[in-house]
Amino acid sequence: MVKTTVVGSYPRTGDAFEEQALRRGIARLDRGEITEAELRTVERDTVKAVLKEQNEVGIDLVTDGQISWYDSQSHIAGKLASIEINGLVRYFDTNTYYRQPVVRGAVSRNGPLLVDEWKFAQGSSKAPVKAVLTGPVTLASLSLDKHYGNKKALAGAFASAIGEEVGALVKAGASQIQIDEPILTQHPEDLSLVSEGLDRIRGHKAKATLTLFTFFGDVAGIYKDLQEVPAEILGLDLVQGAATWPVLAKHGSSKPLVLGVIDARNTKEEDPAAVAKKVSQLNSAVDLKASYLSPSNGLEFLPRERARRKLRILHDAARGLGVAG
Amino acid sequence: MTALLTTSVGSLPKPEYLTRARTKAAKGELPSDALQDLEQKATREWIRFQEEIGIDILVDGEQYRGDMATYFAENLEGTEISGLVRSYGNRYYKKPIVVGELKRRGPISVDWFSFAQSQTDRPVKGMITGPYTMMDWSFDEYYGSRTEACLAFAKLLHEEAVALEAAGAKYVQVDEPALSTRFDELPLLVKAVGIVTKGLRARTVLHTCYGNYNEIFDYFNKLPVDQLDLEMSNSGLDLLERFKREPLKKEIAFGVVDVHSHVIEPEALIRERIEKALTIFRPDQLFIDPDCGLKTRSVDEARDKLRNMVAATRAVRQVHGLT
Ligand SMILES: [Zn+2]
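For the record, the sequence lines run as chains A and B. Residues 1480 to 1804 in our numbering are what the first sequence spells out, letter by letter. Residues 52 to 374 in our numbering are what the second sequence spells out, letter by letter.
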């Protein structure tokens, strides 16, 4: 059986009353009815619930759902020195928005970014919890740079800060680190910057496994070079990035993959048997035993109840691949 | 010559009594006709307010709508409404799901248009959530193709546009906030909006907001509408330079107040913005309005912003001897 994992985010609110605790909590904090500390408790209860949902389905490698993240950019960048957080900007081609980081000076890491969140999540999960960080090149591309004047320098500074964080996460016990670089699907020419960033980060990871994930599109045009990046595992969006599939089937992969085959942006349900059959075509081209099946990107774009069903489909598809393993 | 006509983008804030009533109705504690009475009351109040301050082209204020895409989807065949999906921060909406062939069951917004128009002698705009935005903001379990889903929405929204015109709409506005989502799909958007506006005698308007205008600039003159309604105060004032070099061959409704800020722009600042616009556009080509729908502001903030906008426009008209 092929292993299963998720990409990162998970819906923090559902349609049932008890699934709306965090939404109510934030509203109450805004009205001054509860304290920040009380909201943290609600947040952590939500993380526990999200981990439980993944554990119950039997996902092999889980995440904390990025429940406490306002968005993928400001949650990381906002904790670094010399960065201010500005107004809302559309996040890639989604109907969601991120608060834009503004770089006012030399970027550096003053303290932990995700270590406490990761420790809490791992303490609440039976399955290992993957630590997921937004990649330096995506951060540099989506920020407003008022200091460095070129993306390479800014991405380098972000990479150093993220590298330090990876070191802290590994020290805290994380054995799986994922770096998200969705920017590669829009700007494949950034691949060399991504490689340089990973090279800096790799120096801090010790024995942990490093995954590079790209989503919101394909990487067909850079697939061969992508095989050379300094990461052990490659994560691919094979839904919105379906164009990667033929290249992958043709050239195979020297690295294990995370195969993002379940559509995380549409409620339409896949047939697990059909997914399993398709993936089994890669049997001779990819080391499926060392690989994972996953959604195509974070599950937050779906309603909670639909996200749960997608997890189930993911699990069933992986089980259907039993013959391959 | 008509010059510097004032208008609004669409939504206006709901008064507190209506917000409370909607919550109650959602819990089943208020019958739908009682809710509708209050929606009508709020609509009448907004129409009266717009008349009082002297706006030229009115809107119904969308007091009866929740989300702009969900409202249209709820009134179609072939759709369901999903659970909550997060947009940003603590904001969630229920996203439509296309589950079958899309068809228009009957009028969607026509009755509300007629009601609003019956309250005033001034023109009220008919308002349609555009086909591209409807597609982009829905899950699709049926068509399996963004193009097909978008064109299916376009066909039925054309029927709605024709019905609005038949009901007396002099202006039909197509809202496309998703316009700048994927630049490679702009030709699809042009085609779909063209289907919606085809053959209409009413003045057609396309509203969009919060996009990277530089990327879409080349498409402005290709959009199959008479008027573009653009957010300008929040991010677009630098766009004026580009319009100077590459003139717009359409009317423009020029956003002069920021809808996301609590700050009430003083009349003098709005006058400055209008004067700047007048250095590029002819007075008969230029309409004045807020950046976007005002629904996220409080009733008082929205009123103050609109009041200052109209006062500033009047002052500019006077200075330039425009009537
Ligand atoms: Zn708008």
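It is possible that part of the hints are untrue.
[Said to hold, decoys possible] Okay, the calculated bits of chain A under chain B, using three or more residues with CB under 8 angstroms as the criterion:
1. 1570-1577
2. 1598-1609
3. 1722-1729
4. 1735-1747
The set of hints was computed from the structure by calculation and includes no laboratory data. In this text, all values refer to a predicted model and were calculated from it rather than measured experimentally. Ideal Cβ positions, reconstructed from N, Cα and C, are used throughout, including at glycine.
Taking the hints in turn, this is what the structure says about them:
no., hint, in the structure
1, 1570-1577, "holds (count 5)"
2, 1598-1609, "violated (count 0)"
3, 1722-1729, "violated (count 0)"
4, 1735-1747, "holds (count 3)"
Of the hints listed earlier, those the structure fails to meet are numbers 2 and 3, in rising order.
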